[in-house]
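J.: From first to last, the protein sequence lines are chains F and C. Using this note's numbering, the letters of the first sequence correspond one by one to residues 1 to 914. Using this note's numbering, the letters of the second sequence correspond one by one to residues 1 to 113.
One thing to keep in mind: the hints can contain errors.
Stated by the list, open to error - Pair by pair, the computed Cβ-Cβ distance ranges are:
#1 C:Ala102 to F:Arg88: 50 to 60 Å
#2 F:Arg51 to C:Ala101: 31 to 41 Å
#3 C:Arg86 to F:Asp21: 25 to 35 Å
#4 F:Arg44 to C:Gly68: 26 to 36 Å
#5 C:Arg86 to F:Ile87: 32 to 42 Å
#6 F:Leu48 to C:Arg86: 52 to 62 Å
#7 F:Gly18 to C:Ala101: 45 to 55 Å
#8 C:Gly68 to F:Gln72: 18 to 28 Å
#9 C:Arg86 to F:Gln72: 19 to 29 Å
#10 C:Gly68 to F:Ile87: 30 to 40 Å
#11 F:Asp55 to C:Gly68: 24 to 34 Å
#12 F:Arg44 to C:Ala102: 45 to 55 Å
#13 C:Pro110 to F:Asp55: 22 to 32 Å
What the hints assert, rightly or not - Restricting the straight-line Cα-Cα distance to at most 20 Å, the calculated cross-link-like pairs of lysine to aspartate or glutamate (DMTMM-like) are:
#14 F:Lys147 to F:Asp158
#15 C:Lys60 to F:Glu68
#16 F:Lys362 to F:Asp620
#17 C:Lys60 to F:Asp19
#18 F:Lys551 to F:Asp715
#19 F:Lys151 to F:Glu358
Hints are computed from structural coordinates only; laboratory data are not their basis. Note that the Cβ used here is the ideal one computed from N, Cα and C, for glycine as well.
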Amino acid sequence: MPARWRRFRSLFGLEPRGDVDAELAFHLDMRIRELVDRGESPERARALAMRRFGDYESSRQACVAIDERQRQRVMRTQLVTELGQDIRYALRMLRRTPGFTAVAVLTLALGIGANTAIFSVFNQVLQQSLPVPDPQRLVNLAAPGPKPGSKRCGMAGDCTTVFSYPMFRDLERLQTVFTGIAAHRSFDANLAYGGETALGTGAFVSGQYFPVLGLQPALGRLLGPNDDRALGEPHVVVLSHGYWQSRFGGRRDILNDTLAINGQPLTIVGVAPHGFAGTTLGIEPQAYVPVTMRWLVSPDQFIPPDRRQAYWIYLFARLKPGVSVEQARTGINVVYGGLINDIEAPLHRGMSERTLAEFKAKQVTVTPERRGQSNVFHDIERPLTLLLGVTTLVLLIACVNIANLLLARAAARTSEMAMRLSIGAGRWRLIRQLLTESSILTLLGGIASLFVALWTVALVRSLVPESKVTLPLHLDETALIVTAALALGASAIVGLFPALQASRPDVLGALKGLAGQPAGGRRAARFRASLATVQIALSMVLILLAGLFTKSLANITRVDPGVALDGLVTFALSPQRNGDPADRSAALFARVEDELAALPGVTAVASGRAPLLANGVIGDSVLVEGFDVGPDTDNDAYYDEVGAGYFGVVGIPLVAGREFSERDAEGAPKVVIVNEEFARKFGLGRDAVGKRMSRSGATLDMEIVGLVRNARHADVKEAVAPMFFVPHRQGLGLRSMNFYVRASVAPEHAVAPIRELVKRLDPNLPVENLRTLREQMRDETLVLERFMSVLTAAFAGLAMLLAGVGLYGVLAYTVAQRTGEIGLRMALGATATRVRGMVLRHVALMVLVGGTLGLALGLAVARAAQALLFELQFDDAGVLAAAIAVLVLLALGSGLLPANRAARVDPMRALRYE
Amino acid sequence: MTQPVPEILRGTFDLLILKALSWGPAHGYRVARWIEQATGDALAVGEGTLYPALHRLEEKGWIEASWGTSENNRQAKFYALTRGGRAQLARETANWRRYAAAIFAALDAPAFD
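Please construct the entire structure, taking both the sequences and the accompanying hints into account.
T.: Shown next as structure tokens:
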């Protein structure tokens, strides 16, 4: 084959046209000559010849077309052949230097892989629209401003975004700017089907929920306006596609079956479409229940359906065609203003003038949002953006590394290049050759990077406890495409410069130096040194960030939560969700507590309503003896309902008075225990015991019998809140109970017996959140902190590794290149120490410049991350010093080996070589 | 693009060209002259169609071209049969012989019984 195309090429040259013309002209000339020889006049001979020839132009064009086609095919073949040669050659070169190849591929794999993973996460968590038609026409509604009354805020948004149920219905009825308003609220659901009960999540949705989204069912029907006509009906449920698949195996005959949710039998009427996982990122409801069923399925005595001061439901809407966001805002606030002023304001008689004015001025905010409603966006936008920046830096460092490696290699191959140029290889061919090499490296790196990416995503997933949020965390196609683009871009960047440089060698000089040192030139050496300096700078940024997040996490873990964390196992039970009446579940709780205490290895057991260190406490306003309450006085406190001996078991010391005992039962005098912060806020001081208090609305009906030390019940990161505790048997009725088991055996050995015990007492009762208290704290309140500190530390470690390799490479190469010079110096009397110092001075200069630049850049980034740091300034001196120390160690570590090698140069041999 | 080939040559043109080259390399004019003599001037009109045919045969790999010097010392493009071209010639010749024999046999056949 090659022989053939070479023939073609020499034949046609570059211009088939001229070729054809010459050939045809020859024919005509020959014919004319023949005719003239036969006696024709030249003019007539020409005319005859032409006539005989026929259509000259069309013959000519046919020939040109054929030759053109052929030439193109030949060129294609040639290109493919040359590419094949390039690839074979590149593979041979890469095989010949396995160390270089391994480092380069690994470097790229780490850089690209980390980027792909974090970009995947970023993309899926922050960029994904709801899988509904026209998601950009959806708007979220909120109503910031005073909200006196009960608030229940969840994952779909903070307390400025919740509405009362009556307000939702009024807005829905009166508004004219939306196709509809959708209301929703998630809830904990015990899902019972076929004699098995599992804990899951449900969503109460209004009749407009699915119509506003514009979804079609995968099976049966979705909920519609006819499903929320009256409170307490209809008993129907729509399953999520995921739940339908996992629990029912996608069976189509489940329609009209009964699924009991929290004890309420509901008829399955349909399945939501595939890919739809609700409208709140972080929560994936398994079942959608009409909102009118809320008071049966998830009773809450503080939020009766007609109470305008009970805020708990989330709203979003779809703009009517042709209505702008601005028009919608105006339109909905005309309605809202009327409702607030005419109906709600008169309900707040105790309010001060100022607060009332604020209340009356409240407005509904209308925010376009195609991603649904979730706190996750707000919580994680900044951390993820930061992480994306961090991984970009890692990729940059990786690219610089590769460029440096290729440069050094190209310099080492200058004589080879010069040789090839001098025997006639084209410059473009040489560049292409080098680009092929770097592309192959990138390709290998790209493939390897997929594994790194999978591993990184797994790491990310391990840092996000599923019990807390369900996030879509896997590699996605966009990320794969981006990886490919990154790989190609990286290849172009890392390949082009060395290729250009290598293909322009000083041929003569290089050939002369064939036997000696390669002609890299001072300029190239300086360029490589500045690349290494850039790496140092970028590493500095990452080290600083990692240091800050690690110290921040350490600060958090150092906080004394005021609870004896170790050796406590906790779990929760919610029998009432299964429809157990209150007295039966109270009996069950008592029984569980007794039997737990009898388990081998268990030393103490206590129970409480709110899960400790898991953001579970609820607020309420109180009246306290001797504390005056004006219209605007802040008399809010938080409360929990706890069992006998609770404080002793969880390790909160009693300061004065007594603990609750078995005698503090229903019917006995109402008692309460407060913490020191409560005593301070309400002016009780040390004499709290014996004073009286009550929830606001009641009249000082409880006596304070105990004062306990402050503890961080909700979240170690938050300040201690004023707390009061009531015995749970004098409480408001417990829907779920958290148990605390102190064991003398290792916690993991206590877990299985607990599960068995509960199963024996009630096989239909799921055991919720069974874990150690330390795990509970970590999974519920330290997710983001751990996420940031582990990932930044991992990426900083990666960056240091890469930068170390890069720095080492540059130094080793420089030393190798300057062997002759060093030998000469040593022959002239320089000591080994001096030579070592020479190399280390080089390192010091790079560290000084790179470190300073990195520090400046790092501080700028850290300042932006300030909000994510716990009790830590972004320019914390300790962290700065540590980061600098780490960088210096890194530089020394990678500089020492080459420095020693330089010091060991044998002057005689070096000079002889020269 | 290709102009109509004289009727008589349809389907046999390529074969004639290959045959013309079977005694050694030749330029287009010689090929034309040979066909002229051998066929009783079938190419009297539309001699030019020879060239696209030559180029096509070259594209197919049956003949190869090279520039050389003609008998009167001019630069001319010479065509030569390749190994494949020779095989093609043998194949096509055999085909034609079989075909012609069949036709002759038919023409000589007796009438219906």
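J.: Take the hints in turn and mark each one as holding or not.
T.: Here is how each hint holds up against the structure:
no. : hint                            : result
1   : C:Ala102 to F:Arg88: 50 to 60 Å : holds, 54 Å
2   : F:Arg51 to C:Ala101: 31 to 41 Å : holds, 38 Å
3   : C:Arg86 to F:Asp21: 25 to 35 Å  : holds, 30 Å
4   : F:Arg44 to C:Gly68: 26 to 36 Å  : holds, 31 Å
5   : C:Arg86 to F:Ile87: 32 to 42 Å  : holds, 37 Å
6   : F:Leu48 to C:Arg86: 52 to 62 Å  : violated, 35 Å
7   : F:Gly18 to C:Ala101: 45 to 55 Å : holds, 46 Å
8   : C:Gly68 to F:Gln72: 18 to 28 Å  : holds, 26 Å
9   : C:Arg86 to F:Gln72: 19 to 29 Å  : holds, 28 Å
10  : C:Gly68 to F:Ile87: 30 to 40 Å  : holds, 38 Å
11  : F:Asp55 to C:Gly68: 24 to 34 Å  : holds, 27 Å
12  : F:Arg44 to C:Ala102: 45 to 55 Å : holds, 46 Å
13  : C:Pro110 to F:Asp55: 22 to 32 Å : violated, 47 Å
14  : F:Lys147 to F:Asp158            : holds, 12 Å
15  : C:Lys60 to F:Glu68              : holds, 14 Å
16  : F:Lys362 to F:Asp620            : violated, 23 Å
17  : C:Lys60 to F:Asp19              : holds, 19 Å
18  : F:Lys551 to F:Asp715            : holds, 18 Å
19  : F:Lys151 to F:Glu358            : holds, 18 Å
Hints 6, 13, 16, counting from the list given before, are not met by this structure.
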